[in-house]
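Visitor: Residue numbers (this note's numbering), protein chains in the order written: chain P, 1 to 421; chain H, 1 to 421.
Don't read these hints as lab results, they were simulated from the structure.
Some hints could be false.
Distance windows between CB atoms, simulated [claimed, not checked]:
no., chain 1, residue 1, chain 2, residue 2, range
1, P, 118, H, 336, 47 to 53 Å
2, P, 177, H, 146, 41 to 47 Å
3, H, 94, P, 167, 47 to 53 Å
4, P, 99, H, 195, 32 to 38 Å
5, H, 336, P, 196, 50 to 56 Å
6, P, 118, H, 92, 28 to 34 Å
7, H, 215, P, 196, 24 to 30 Å
8, P, 186, H, 372, 31 to 37 Å
9, P, 22, H, 136, 26 to 32 Å
10, H, 372, P, 149, 24 to 30 Å
11, P, 394, H, 29, 49 to 55 Å
12, H, 177, P, 177, 42 to 48 Å
13, P, 220, H, 93, 39 to 45 Å
Some but not every residue of chain H turned toward chain P, in silico, with C-beta under 8 Å [to be verified]:
no., residue
14, 42
15, 47
16, 54
17, 290
18, 307
19, 313
20, 320
This structure is a prediction, so every number in the text was calculated from the model and none was measured.
We put the CB at the ideal spot given by N, CA and C, even for glycine.
Number of protein chains: 2
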Amino acid sequence: MKRTADLKTEILAVGTELLTPYFQDTNSLFLIERLNDLGIVVAFKTIVADDHEDLMGCFRTAMKRSRLIISMGGLGPTEDDRTREAAAEALGRKLVFDKTVSRSIRERFRRRGVRMPSSNRKQCYVIDGAEVLTNPNGTAPGLWITSGSIRLVLLPGPPHELKPMFEKDIWPRLRAIGSGFTLRRVLKITGMSESLMEDRIRAVYPKLPPEADITTLAYPGELQVRLSVTGAGDPTSSETVLGTLEKLILKKLGENVYSRTGETMEEAVGALLRSRGRTLACAESCSGGLLSHRLTNVPGSSSYFLEGVISYGNTSKNRLLGVPLSLIREHGAVSGPVAEAMALGVMRRAGSDYGLSITGIAGPEGGTAAKPVGLVYTGLAWRSGAAVEKNVFFGRREIVKFQSTQKALDVLRRRLMEEEI
Amino acid sequence: MKRTADLKTEILAVGTELLTPYFQDTNSLFLIERLNDLGIVVAFKTIVADDHEDLMGCFRTAMKRSRLIISMGGLGPTEDDRTREAAAEALGRKLVFDKTVSRSIRERFRRRGVRMPSSNRKQCYVIDGAEVLTNPNGTAPGLWITSGSIRLVLLPGPPHELKPMFEKDIWPRLRAIGSGFTLRRVLKITGMSESLMEDRIRAVYPKLPPEADITTLAYPGELQVRLSVTGAGDPTSSETVLGTLEKLILKKLGENVYSRTGETMEEAVGALLRSRGRTLACAESCSGGLLSHRLTNVPGSSSYFLEGVISYGNTSKNRLLGVPLSLIREHGAVSGPVAEAMALGVMRRAGSDYGLSITGIAGPEGGTAAKPVGLVYTGLAWRSGAAVEKNVFFGRREIVKFQSTQKALDVLRRRLMEEEI
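Between the sequences and the hints, there should be enough to build the whole structure, so can you do that?
Guide: In structure tokens form, the structure reads like this:
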């Protein structure tokens, strides 16, 4: 990504709790994304406790090495909140009482029918020369300070205060300084290995214009290709570059791409079921309910998801799904024929258009040489037929469960896409 | 928490990807926990990109303000990996070729039947005067450097390399320096509000010895009380303090505490089912499979979890569970009588000792004035009876689903605990 010239940028997250094993600053992910959108790259993130000397030292260090410094947190009314004081000392400026801020905080308390507690008086002091950023969602105002070539921004820590303040007051000011932007698109891919995907898209890299970037990420059961195009001024030509790049990648990866606008696999499958007017029932063994759970995470899924059965034991497979016990005896509960019978059974009994099934060994116990941990059969039944797929997944129990549901959903997705023809 | 005297500590996380919106350093949570265990408080966390000048600047800043500096990442074989070089320059030391490291890396490749790529030659250079920490899980060795009163530690970034190296080589060295420690216990609580919990344990605070600390955290469906006791030398008396404190809290919170040793709710319930020799079957509507999914996340759950049914539609409730359609017509699918009939139905059909059911409105659609989004009935059936509980949960679909399963599991847990009597 290209840097907005000379705007070396640093984020300062303030709070003793952010240096415990229990909490992590997440505001910075939001800030980095929005700054990147403006073509601003973050060079440093510093996390520091509510300690006056340490905090002041961090501001001094930041002012030496960065030109844009955004701090978050430590603007509250308690003794612990030291960000204003530390920044003022680092800048060599005074804190001055601000009547407008005072009125606004008093008014906020009055609306709730209480007097302003004396501790909040502290929040009425602002750094001399700072622009005050009103906070409609809390008592702590933000501050925008210019000192020579340095811009120092103090934002409150709670996300529901920080985010609106950033969008309303910081974004337009930075936009005016920079005028750069980054356009982004995320493609989600499944059903191929990371190396196969890399092989396929390798040919695109030499064609990549200098303002465009491709990042690939791998998760269990999912790959991502993240496309970005940096530009300045009018975004029209950048949008064209991004669109062309996306088309090139889509051509290389074909139906392996299941999401182009951020949707999850279960949302993609749900949208296809809905648009085709089809219904679904599920029968799960080793995935233990995760398949139905994922499908029903989608709002409105009750219009196409009819029912699910978790048939852990053999008698359940027989009683709930009509899988013949002789079939289980012959092939074993973890087998292609049983996966098929489960999918057909749940479809027929539920009266759905499709039946989807999973049977396998999630581990860590229960594996054998012939049927190892991670062996999973997925079955799909439709009105005129059925198909079974066999896979071996690696990883701990939860990962095997997830990957088996990802595979089952993908099998259904591909079948639904064929329906179109 | 008390600080180990004069050991001002800083963590440096190195990697350009850690300054994108997609990744966050998580190693530091592990490091902070283990350092806190030794009574070492972390004063700063700095995240910096793979940029030689920025990285060297961070080492210089750290050496001015901290006495223990632990960096993670940037020790790999690529051009981007600059941590060794930057630390050497900040220290004013040379990189020297290390024959032992070279032999070990070559041997690692030989075992995989390939020659060491030339890029790995870089990893054979170590900072002059450093103690080399062998890496059994990767090619990058760690480095322990003493420079005056400063201890500088370079660790590899991948968690499966960093964690074992910390335990084997860093922990004993720091233990020898410090001799402080922190003992910890986490109690997980459900079935009460945060404010009720605070009211109950408030009386404990004045009795708190100065070396002990209580932190409370609130999540949807779960509260936590985190106890810690800091000490030095022999931990026996600190263990007694922690034990006494835990007993005080347990007395205040009683059966609301479901976990004392880190176990999840589903593990706690699973352990009770197993110890009582009982079996379970589940019938879910609005939770859509999450109850069965959570129960089957526990390895070995097939010994007590017999089957699950996700009966989204009314006909499924009737056909799979035997819930009379007239009952649904009279009371509605989301009602106490239907929850009870679902629990009894799934227990009888599965032949289990217990039947657990959930029916409700997960949202965002489907709510009415009389039956709002978040209204959930949970039913529990046992051989000689049944009980139903009604709750209204707040939050988005996934949160309502989770809270309804947490409540159902807790109802079963309390019943299983009574069985003991």
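Visitor: All hints are to be evaluated individually against the structure, with a verdict given for each.
Guide: How the hints compare with the structure:
1. Checked against the given bound of 47 to 53 Å, the beta carbons of residue 118 of chain P and residue 336 of chain H, roughly 50 Å apart, stay inside it.
2. Between residue 177 of chain P and residue 146 of chain H the beta carbon distance is about 45 Å. The supplied range of 41 to 47 Å therefore holds.
3. The hinted window of 47 to 53 Å between residue 94 of chain H and residue 167 of chain P holds, with their beta carbons roughly 50 Å apart.
4. In this structure, residue 99 of chain P and residue 195 of chain H meet the distance hint of 32 to 38 Å, their C-beta atoms being roughly 36 Å apart.
5. At about 54 Å, the beta-carbon gap between residue 336 of chain H and residue 196 of chain P stays in the expected band of 50 to 56 Å.
6. Separated by about 52 Å at the C-beta atoms, residue 118 of chain P and residue 92 of chain H break the suggested range of 28 to 34 Å.
7. Checked against the hint of 24 to 30 Å, the C-beta distance between residue 215 of chain H and residue 196 of chain P comes to roughly 47 Å, which is inconsistent with it.
8. Range check, residue 186 of chain P to residue 372 of chain H: about 35 Å between beta-carbon atoms, so the 31 to 37 Å window is met.
9. Our hint of 26 to 32 Å for residue 22 of chain P and residue 136 of chain H holds, since their Cβ atoms are close to 30 Å apart.
10. Between residue 372 of chain H and residue 149 of chain P, the C-beta spacing of about 55 Å breaks the proposed range 24 to 30 Å.
11. Take residue 394 of chain P and residue 29 of chain H: their Cβ atoms lie about 25 Å apart, and the range 49 to 55 Å is violated.
12. At roughly 47 Å, the beta carbons of residue 177 of chain H and residue 177 of chain P sit within the given window of 42 to 48 Å.
13. At about 42 Å, the CB distance of residue 220 of chain P to residue 93 of chain H agrees with the hint of 39 to 45 Å.
14. Below 8 Å, beta-carbon pairs count as interface contacts, and residue 42 of chain H has one with chain P at about 5 Å; its hint therefore holds.
15. At about 4 Å, the closest approach between the beta carbon of residue 47 of chain H and any beta carbon in chain P falls short of 8 Å, and the interface hint on this residue holds.
16. Checking residue 54 of chain H against chain P: minimum C-beta separation of about 6 Å stays under 8 Å; hint holds.
17. Interface hint status for residue 290 of chain H: upheld, as the beta-carbon distance to the closest one in chain P is roughly 5 Å, under 8 Å.
18. For residue 307 of chain H, the interface hint holds, since its Cβ comes within 8 Å of a Cβ in chain P; the closest pair sits about 4 Å apart.
19. Interface restraint check: residue 313 of chain H against chain P, minimum CB-CB distance 6 Å, threshold 8 Å, status holds.
20. Using the Cβ-Cβ criterion of 8 Å, the hint placing residue 320 of chain H at the interface with chain P is satisfied: the shortest such distance is roughly 7 Å.
Hints 6, 7, 10 and 11, counting from the list given before, are not met by this structure.
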